[in-house]
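Trainee: Sequence:
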Amino acid sequence: MEIKDNQLLRQFETQTDLGLLVMEYAVQERKLFLTKLNHPEDLNVDFINEFIIEVLSIAEERKLKVVPTHPKVAHFFRKNPIYKELLPPGIKL
Numbered sequence: 001m002e003i004k005d006n007q008l009l010r011q012f013e014t015q016t017d018l019g020l021l022v023m024e025y026a027v028q029e030r031k032l033f034l035t036k037l038n039h040p041e042d043l044n045v046d047f048i049n050e051f052i053i054e055v056l057s058i059a060e061e062r063k064l065k066v067v068p069t070h071p072k073v074a075h076f077f078r079k080n081p082i083y084k085e086l087l088p089p090g091i092k093l
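In this note's numbering, the protein residues as written are 1 to 93.
Please note: incorrect hints may appear among the correct ones.
Claimed, not checked - Pairs of lysine-lysine, DSSO-like flavour, derived with a Cα cap of 27 Å:
no., residue 1, residue 2
1, K63, K31
2, K92, K65
3, K65, K31
4, K92, K36
5, K36, K65
6, K72, K4
7, K63, K36
8, K79, K92
9, K84, K63
10, K65, K79
11, K65, K4
12, K72, K84
13, K36, K4
14, K92, K31
15, K4, K79
16, K63, K92
17, K84, K36
18, K31, K4
19, K31, K84
20, K79, K36
21, K72, K36
22, K79, K31
23, K4, K63
If you're looking for bench data, these hints aren't it; they were derived computationally from the structure.
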């Protein structure tokens, strides 16, 4: 999956057969706030989870902590505890 970091619009994006999958973000003090997830209605949940995993790997490469503010991303962290080390200290989901 190819993910484009559109820094002008502050969003990660990838093109799917059904449309554009977008995750908006904000960066503050070495923290990546994942604020909004926009996806086509009929998009497979597994594809969305793969997209989130790719975004988290980008954050890990850049040595950023991740603050999931969007409910779907927070739910992903709850279901996948292996990614909890990306959370900053004091954040519990």
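Trainee: Each hint: holds or not?
Mentor: Going through the hints against the structure:
no., hint, in the structure
1, K63 x K31, "9 Å, holds"
2, K92 x K65, "13 Å, holds"
3, K65 x K31, "5 Å, holds"
4, K92 x K36, "19 Å, holds"
5, K36 x K65, "17 Å, holds"
6, K72 x K4, "20 Å, holds"
7, K63 x K36, "21 Å, holds"
8, K79 x K92, "13 Å, holds"
9, K84 x K63, "14 Å, holds"
10, K65 x K79, "18 Å, holds"
11, K65 x K4, "20 Å, holds"
12, K72 x K84, "15 Å, holds"
13, K36 x K4, "16 Å, holds"
14, K92 x K31, "15 Å, holds"
15, K4 x K79, "26 Å, holds"
16, K63 x K92, "20 Å, holds"
17, K84 x K36, "19 Å, holds"
18, K31 x K4, "19 Å, holds"
19, K31 x K84, "14 Å, holds"
20, K79 x K36, "19 Å, holds"
21, K72 x K36, "9 Å, holds"
22, K79 x K31, "21 Å, holds"
23, K4 x K63, "18 Å, holds"
In the structure shown, no violation is registered for any of the earlier numbered hints.
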